[in-house]
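There are 2 protein chains.
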Amino acid sequence: MIKVVLLGTGNVATHLFNAFQKAKNIDVVQVYNRNKKGLSLFQKHTKTTTHLSKLITADVYIIAISDDAITRFSESLPLKNKLVVHTSGSIPLENLSKHNSQGVFYPLQTFTKGEDVDFLNIPICIEASSAENEKMLVLLAESISENVNLINSKQRKALHIAAVFVNNFVNHLYTIGEDICDTNQVSFDILKPLIQETANKIVNLSPTKCQTGPAKRNDKKVIDSHLLALQSKNKEEIYKLITQSITKKYGNKL
Amino acid sequence: MIKVVLLGTGNVATHLFNAFQKAKNIDVVQVYNRNKKGLSLFQKHTKTTTHLSKLITADVYIIAISDDAITRFSESLPLKNKLVVHTSGSIPLENLSKHNSQGVFYPLQTFTKGEDVDFLNIPICIEASSAENEKMLVLLAESISENVNLINSKQRKALHIAAVFVNNFVNHLYTIGEDICDTNQVSFDILKPLIQETANKIVNLSPTKCQTGPAKRNDKKVIDSHLLALQSKNKEEIYKLITQSITKKYGNKL
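As they're listed, the protein sequences go chains Z and V.
Each number in my numbering comes from the position in the first sequence (counting from 1) with 25 added on.
Each number in my numbering comes from the position in the second sequence (counting from 1) with 25 added on.
Take the hints with a grain of salt, since some may be wrong.
Pairs involving identical chains hold if they fit within one copy or between any two copies, as the list cannot separate such chains.
To be verified - Capping the alpha-carbon separation at 30 Å, the derived lysine-lysine pairs in DSS-like fashion look like this:
| id | residue 1 | residue 2 |
| --- | --- | --- |
| 1 | LYS138 | LYS234 |
| 2 | LYS62 | LYS245 |
| 3 | LYS28 | LYS258 |
| 4 | LYS107 | LYS246 |
| 5 | LYS273 | LYS160 |
| 6 | LYS217 | LYS234 |
| 7 | LYS226 | LYS246 |
| 8 | LYS258 | LYS245 |
| 9 | LYS49 | LYS160 |
| 10 | LYS79 | LYS49 |
| 11 | LYS241 | LYS62 |
| 12 | LYS245 | LYS265 |
| 13 | LYS62 | LYS246 |
| 14 | LYS160 | LYS226 |
| 15 | LYS72 | LYS260 |
| 16 | LYS234 | LYS273 |
| 17 | LYS69 | LYS260 |
| 18 | LYS179 | LYS28 |
| 19 | LYS241 | LYS28 |
Keep in mind that the hints were calculated from the coordinates and are not lab data.
One chain only, chain Z, in its complex shape (with noise of 0.2 Å):
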């Protein structure tokens, strides 16, 4: 049984409870959060507290609070030679105090609040600063989901920037499809199979297979009209500069 202590109980703190509650072999003894309110849903499941001063002996402490406060709140732990970890895909390993055993255990999913995730097919991206410490890190990643890497800080620095644009930007040209749409009253509905199938492509062919569009044909007719018809600045630039950048790797002269 690997004994969890939680500390925080935000978005990502709630879904890894929630995991962890399902695998046999892990026992979350108790969730920490600065304050009374966070820790509602928690208190009937296991020990809870607000009191840094009072926390019980684990296996492992999981960070999952906000980018910003890991640094801080890792040297503000009461807790010596224990294995401690953060969930963040931006924070270095040696971010965390030296007071205790460094580690990284990142989730590389978008979690909503409410809804519930299938933990099997999230990656978890695994660091830590000895083999044994690895080890026991693998073993919790595993009892939780069927796909678990091993990454250094320069890898999930290069993963975490890699997935703003795969989800973060990719979303924001999911809301411009959505503005352009409500714009000339056609239901943005009718792009959702596009945009399913547009995902669903890449799990087995490279994107660089993939592309098509007016901008990968250099049809500066269509471009042109396109760009016309925006009536958006703001559209209008990153209409542009996405179709140079595509242009440009396909070897074609805007």
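We have chain Z; now place chain V onto it with these hints.
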């Protein structure tokens, strides 16, 4: 039985042909192509010709050739008062020759050569110059798809532009993500569950409600560290512009 003549043998023509073959009430009576080579796949199943003068009688003639050739090709058809439609997202109805009844039969999907497509969920956008022809095209579309929409030329253009954002541009962001992974020796596969989930989320929720990430939070520290790490002017520009666009939309000042 609706009799169809297909004009063209490219990607869209081939996928439409396969879908029509499965439909009980559609008979593709002939396939035309200007050269013999393109016709070899169709010869086993129906009549084919390389001569426009030998086109036979049908209820609908479907032009499925490249956008910039459609208008001139429609003018060159030796047909009168027939229903002639194109399959393009970007060409207005009126660009078809007035010697025949004009129509549009636009399947809004990205087709890959050789990959089978289930037309049932593919939106088909219909436009026609008369109520009678509209009825005929809807009947034709409903034989292969459960997602048939009446869309005028202005709306279709908007859909096409939006599709460039949510399909072509999104795929380019996937490409950038893969590129960042490759450069840092980390597998792009790790990002694929996130890509799927990003596309799945917006099926039931507006993308405006799904936006997350450093740009949305206006997390300057993370944004700056990403820009510093990118080491590619092109990726940096795209990162900056979309970040600005997100920050502007969600009311934070950079």
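Verification of the supplied hints:
no.	hint	result
1	LYS138 with LYS234	between (35 Å within a copy, 11 Å between copies)
2	LYS62 with LYS245	between (57 Å within a copy, 29 Å between copies)
3	LYS28 with LYS258	neither (54 Å within a copy, 47 Å between copies)
4	LYS107 with LYS246	between (64 Å within a copy, 29 Å between copies)
5	LYS273 with LYS160	neither (45 Å within a copy, 44 Å between copies)
6	LYS217 with LYS234	both (21 Å within a copy, 16 Å between copies)
7	LYS226 with LYS246	within (27 Å within a copy, 34 Å between copies)
8	LYS258 with LYS245	both (19 Å within a copy, 24 Å between copies)
9	LYS49 with LYS160	within (18 Å within a copy, 59 Å between copies)
10	LYS79 with LYS49	within (26 Å within a copy, 72 Å between copies)
11	LYS241 with LYS62	between (53 Å within a copy, 25 Å between copies)
12	LYS245 with LYS265	both (11 Å within a copy, 25 Å between copies)
13	LYS62 with LYS246	between (58 Å within a copy, 29 Å between copies)
14	LYS160 with LYS226	neither (35 Å within a copy, 33 Å between copies)
15	LYS72 with LYS260	neither (51 Å within a copy, 47 Å between copies)
16	LYS234 with LYS273	within (15 Å within a copy, 33 Å between copies)
17	LYS69 with LYS260	neither (49 Å within a copy, 48 Å between copies)
18	LYS179 with LYS28	within (29 Å within a copy, 61 Å between copies)
19	LYS241 with LYS28	neither (53 Å within a copy, 35 Å between copies)
The structure is inconsistent with the numbered hints 3, 5, 14, 15, 17, 19, although it conforms to all the rest.
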